[in-house]
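Peer 1: Whole structure, please, built from the sequences with the hints as guidance.
Sequential numbering from 7 applies to the sequence shown in the working numbering.
Hints may contain errors.
Result set (BS3-like, lysine-lysine): computed pairs, CA atoms no more than 27 Å apart in a straight line [unchecked claim]:
no., residue 1, residue 2
1, K54, K23
2, K24, K64
3, K34, K51
4, K64, K83
5, K26, K64
6, K85, K51
7, K64, K117
8, K51, K83
9, K82, K33
10, K23, K57
11, K64, K104
12, K83, K57
13, K54, K34
14, K54, K83
15, K33, K51
16, K83, K33
17, K24, K34
18, K33, K23
19, K104, K54
20, K23, K51
21, K64, K23
22, K64, K85
23, K64, K33
24, K104, K85
25, K82, K64
26, K85, K54
27, K54, K64
28, K34, K64
Since the hints were derived computationally from the structure, they do not count as laboratory data.
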Amino acid sequence: MDEFNVEIRYVLRIYYKKGKNATQAAKKNYDVYRPNAVLVRVVQKWFKRFKSSIFDVKDELRSGQPVTGQAYAILKKVKQDRHISSYDIAEELEIDHKTDFTHLKRAGYTKRLILASHIGSLEEI
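Peer 2: Listed below in structure tokens is the structure:
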């Protein structure tokens with residue numbers, strides 16, 4: 007996590023405890039951190055957390071396997087066998103097919119189709 011974000015969150019927490027509203031805190035934040043100031047909506051989100059008695063300003067730990075690991079494994083499978091289907095990849099890696107498809111799409115892999123006639127029949131390559 008970025009130390010700068012934590013610093014701003016501590017400042018927002020101080021403004022909250024002083025009784026300022028989100029708009030006032032965002033204005034003061036803009037005056038000090040002009041190019042890196044947070045938006046009013048972000049301040050409102052943090053004030054809502056503080057109002058719920060959640061004063062921890064650090065990000066919560068996230069569960070699950072990192073996305074980069076999944077993407078790397080998917081691309082490795084494609085490099086091994088260029089003609090492997092996305093369903094086969096998902097089954098082998100025990101991940102959801104939609105996750106597999108999303109990573110392939112982001113990497114530039116798409117399902118290629120050729121239009122055989124103007125009627126609309128399609129032939130897969």
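Peer 1: All hints are to be evaluated individually against the structure, with a verdict given for each.
Peer 2: Each hint, compared with the structure:
no. : hint       : verdict
1   : K54 / K23  : 13 Å, holds
2   : K24 / K64  : 20 Å, holds
3   : K34 / K51  : 17 Å, holds
4   : K64 / K83  : 37 Å, violated
5   : K26 / K64  : 21 Å, holds
6   : K85 / K51  : 43 Å, violated
7   : K64 / K117 : 41 Å, violated
8   : K51 / K83  : 41 Å, violated
9   : K82 / K33  : 48 Å, violated
10  : K23 / K57  : 10 Å, holds
11  : K64 / K104 : 31 Å, violated
12  : K83 / K57  : 48 Å, violated
13  : K54 / K34  : 18 Å, holds
14  : K54 / K83  : 44 Å, violated
15  : K33 / K51  : 15 Å, holds
16  : K83 / K33  : 50 Å, violated
17  : K24 / K34  : 13 Å, holds
18  : K33 / K23  : 16 Å, holds
19  : K104 / K54 : 33 Å, violated
20  : K23 / K51  : 15 Å, holds
21  : K64 / K23  : 17 Å, holds
22  : K64 / K85  : 39 Å, violated
23  : K64 / K33  : 22 Å, holds
24  : K104 / K85 : 19 Å, holds
25  : K82 / K64  : 35 Å, violated
26  : K85 / K54  : 47 Å, violated
27  : K54 / K64  : 15 Å, holds
28  : K34 / K64  : 21 Å, holds
In this structure, the hints that do not hold are numbers 4, 6, 7, 8, 9, 11, 12, 14, 16, 19, 22, 25, 26, in rising order.
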